[in-house]
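Asks: Next come the chains, spelled out residue by residue.
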Amino acid sequence: MSTNTENFEKLVKKEYEHGFVTDIDADTIPPGLSEEIITFISNKKEEPQWLLDWRLKAYRQWLKMKDPTWAKLDIEHIDYQAISYYSAPKSKEDAPKSLDEVDPKLLETYQKLGIPLDEQKMLSGVAVDAVFDSVSVATTFKQKLADAGVIFCSFSEAVKEHPDLVKQYLGSVVPAADNFFAALNSAVFTDGSFCYIPKGVRCPMELSTYFRINASNTGQFERTLIIADEESHVSYLEGCTAPMRDENQLHAAVVELVALKDAEIKYSTVQNWYPGDENGVGGIYNFVTKRGDCRGDNSKISWTQVETGSAITWKYPSCLLKGNNSIGEFYSVAVTNNYQQADTGTKMIHIGNNTSSTIISKGISARHAQNVYRGLVKISKNANGARNYSQCDSLLMGDQCGAHTFPYIETKNSNAKVEHEATTSKISDDQLFYCLQRGIAEEDAINMIVNGFCKEVFKELPMEFAVEAQKLLGVTLEGAVG
Amino acid sequence: MLNIKDLYTAVENKKILEGLNLSVNAGEVHAIMGPNGSGKSTLANILAGKDGYQVTQGSVTYEDKNLLELSPEERARKGVFLAFQYPVEIPGVNNIYLLKAALNAIRKHKSEPELDAMEFMSLVKEKMKLVQMNEDLLTRSVNEGFSGGEKKRNEVFQMAILEPKLAILDETDSGLDIDALKIVAEGVNSLRNKERAFILVTHYQRLLNYIKPDYVHVLSKGKIIKSGGPELAIELEEKGYDWIH
Ligand SMILES: Nc1ncnc2c1ncn2[C@@H]1O[C@H](COP(=O)(O)OP(=O)(O)OP(=O)(O)O)[C@@H](O)[C@H]1O
Ligand SMILES: [Mg+2]
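Protein chains in written order, with this note's numbering: chain H, 1 to 482; chain C, 483 to 727.
Only true hints are included.
With a straight-line Cα cutoff of 16 Å, these simulated EDC-like cross-link-like pairs (lysine to aspartate or glutamate) come out:
#1 H:K455 - C:E626
#2 C:K582 - H:D444
#3 H:K426 - C:E571
#4 H:K426 - H:D399
#5 H:K142 - H:E157
#6 C:K532 - H:D430
Some chain C residues well away from chain H (every beta-carbon gap over 12 Å; in silico):
#7 K611
#8 E617
#9 S656
#10 R688
Treat the hints as calculated values from the structure; they're not laboratory data. Each residue gets a CB set at the ideal place from its N, CA and C atoms; glycine is no exception.
Isolated chain C, as found in the complex (with noise of 0.2 Å):
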């Protein structure tokens, strides 16, 4: 589903991946750990297209086509997803209302009839469960004034009525409570199937308890320096990331 070869990208002449391989089928769980400042935020901005990124080398394949020329929005609508690790405010628009443009524009692109508004409320009621959202977050501004743990429900929310093909989830378990935490994994969860695959940037292993990843891959300095099943997260857990070289 995703190939990413070789890739080395910079900010501002600011290296930041180097070299970094990394290959996703569809089905499964990829977990991504790292230290502090790694190139895991910048990973997903790249593949999600953000823009201010040079690729200076390497390629980056999505269902056998370049990702990289495609604009954000064609990626989104072909099923890239990105929760973010700093879902951004947006004063006085309607969350829900993004939300039902964004599904739309999705549907549209896929060549299915747009939702009515029953239709959607519906969807909405079925997905709100899912990750057992605050029903009056549906109608305030999106992430507006939001707490830091319902951001990501949000998130999770807004991925679970996207149903995405590829999801990045970058840090959306910091700053949830045990229980939410629970919450977006059972979220997570459900929403894993064979045709869908998961890339989880986390600091924390415990995350791994509650969405076995296939792989586990150790991000340093831009590029993978290790790659290994769950029992790496639980290693890291122990020694850090010192021990690797």
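Looking at chain H on its own, in the form it has when it is part of the complex (with noise of 0.2 Å):
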């Protein structure tokens, strides 16, 4: 027997298992961005004016703006005039207003992706909005959820059927030109999920949306919105994938919440996109801004994320903590293989007073993959009696791939405590012996103290998407070791 580090670095593939191509006659518009492309997107969707002229207004400030480098990421030049800013399934035309007039095609790509949209075959008691390349294409359960008065619907419908909600809440937590590319969405966002939770309600079952990226050359950025309205209560689950291309593709999503007085969101994500080949050909350019709005008092705002998928995955999930005694969470699995970059993190920024955060992050590299945490906890000056604790761990598997942790903290009150730890370890081999010698393969051994070393994170997952989260969690690592 070899040493591990050797057995690390032996490659064995494993082919994505999402990575079919659906044969769908698709409505896709030519590439290219332009006012014109814009104004094209938006009337094909009728929106009103305001939102035309904001998205307009994102646009042009998006012309000022120059792709961010401060990220440890190798990015090769992406050509926002090569990608196509509108795929939808042609059948969407004419709109389908039952899951019946829903093409059966798609409905199949979900049942291949393991979601179920046939309500009457859901067991699950999980209501969920199915993003297609760029139209969101059914929504289930929308009248259990319409009885206890949530709104759970396609980011389009929402505009169409709760103008005066959008317009108050839309990029009241991410600017249109918060960076560049939130610009870029704001811009040609084309659709995505939008819930609102009314006051005092605790939403009746988990909701949860799914991505999938399928035409060629195309991009997606789809736009979230939740609203928490006071004493309200949801937990929201988040999914992704793509078909396997050797062209990266591009997907930069804006994610907004809103949490009022005494609300609280869990916000959860499993992203499994395109990580491209072993060699580090094609994937999905992962570029996602999420951010949530403690704005009321005693809110609490919870972002756990997964992240296994993706050739460059950059995201900060962060919360501002408004509201006096708000909390803001983040806990994170970041999983690289192969070329694999991630540049993922958040920000918590204090503002209320005995406002407290936690961030427990893991990263875990294998191979040639490059992993970094990178976050900022700010502490502003009026915010007395804040805490934050962060704990960053980092799992090494093989000696060619890195971790890096950039904690940046920035208090200007005094009497704020944070703590910050941070280990970064390999899997030792008298771990891996421990296990052998009990009779247990290998391969499952390394993924039991992989799955050991994100456990905190994982109990944070709902039940279902726990199990979900350690199988893709085998898959990506399969074959980093020997």
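Both chains are sitting in their own frames, so use the hints and assemble them into the complex.
Replies: In structure tokens form, the structure reads like this:
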């Protein structure tokens, strides 16, 4: 038996499980970005003038901005004129009113992904909104949610049915020109999910969105807006996949969360976009802006993410802790294998009194992959009694990969309590040998140890998601050991 | 069952075992004593298949097969068990989860059906009594934050569940209080039968008051320099190792 380090280096290819392409008649506009294209998208979606104006304003600001270069990422130049900004399955032209009208091929696609859209067959009690390329194709359990007063629909539908809510909250957490990718998204976003939980309502089921990129040469620019009114509670799950393609595809989403007084939002992501092949060819560029606004007193926003896919991940789900006693949490597992790169972390901005935040980040890298934690904890001058606890652990598999931790702390209030802990470790030979000596196969042993490393994060996920996350972790790292 | 012939090994070019011979039959209990650094743990690790040791000469057969050719997990599945001198901590991995995975891997190898959660739990309940394991250790992470004695007890508990054919206990008695020592010894005694063999590595004759060995060997500078019955351990306790040459 060779040493473990050598074992880790043995390359074994693992096919991307969700790498099929759905052959569907799609309505895709030619590549390119201009005011005309944006106007076309807006018209296509029959949007009100204010929204078109908002998009165009974002676009004009975007033109003046530059790709961010501060992240520790090696990004090939992206030609924004070579991307098509709108792709919809054709049948959407006549907008399906119910699931019966949804193209059966689409339903099949989602079934392959393990997402049953067919309400009759739904057992899990999770309401799903599925976004396929640029448009939302179906939202399940609509009636049951409506009975509780919960609004859960595609973003396009929200613009039509609940324009006041959209107008009030859109861009209120992530301003249109917040950063390069957020500005791009604001200009060209095509669909996404919208959710409003009224005052005092505990959402009766988990809400879920499934994103899938299917068409080639398209970008996916979805926008999610979740508003939890006073004393309400919601748990939201987001999952993503894409087919295997040689070229890189861009995914630049924006997620905005608003928690009013005493409200709580739990947002969980399992991101499994196509990571590229083992030589680093292809894969999704996942550049996402996610931010939650704890606007009311005693509100709480909790981000949990398991990032196993994408060629490049660039995202920092953040919390603005404005309300007094508000709480922000960030639990993250980021796994990179082969040539994957991840630069991810969070920002916790303490503004209100007695605000507290917790950051638990677990980065795993194998082979040539690079994994960066980048986090900011900022305590404003008037935030009395603020507390933060951060823990960033990195696990290396093999000796050609890297883990880097950049915790930035800015404290303008002297009575803040900020704690940071960081560790970097390898799966030790002793741990592995202990498992092997008990008869456990090497691959299972590695899985067990890695899952153990991620446990603090996985326990934050809803049950079904935790199981999926563990499976994904296994798949992503399969072959990282010989 | 186990036949070690003229074994020479090195770690990073440092010679450790130098011409070791040992033969263990089913049903026997062998105690191995010897000064610190004489190679006792090295022997245990080589038998279990740990990485990083070069065997430069000699052979080890186990049930008439070349043991050194087997991977560690194959050895474990064929009944070789090592209770570690320093059991490692594995954060986040449930103690009992690891044990269930281990047991089922071994059962699968023997073409026995895997145990379901219920069957496994009743086995656990039964074996826990044997070593009087504290119940909360079951669901904690493997060895994490366990006291020295709890770690050793956990090793014996695992052995009781996995029911190996050849159990190697590397200083399982070190760090145990008197009561724990008795409990662990009783655990071992209850597992003694004519199919199962034990190799007990120990520094203290005391353990051998509770577990009567068939043979006692003295390992020094990489080889066995003296073998005898239980009385040898008593003699060693009195005189130390220096008198043997
Ligand atoms: N990985 C290693 N690298 C270098 N030297 C080693 C290594 N492993 C063991 N040794 C050396 O080999 C010798 C035998 O070690 P071993 O652990 O087998 O002793 P032991 O008889 O079990 O001692 P103790 O009674 O203290 O447990 C010691 O001198 C030790 O330092
Ligand atoms: Mg030793």
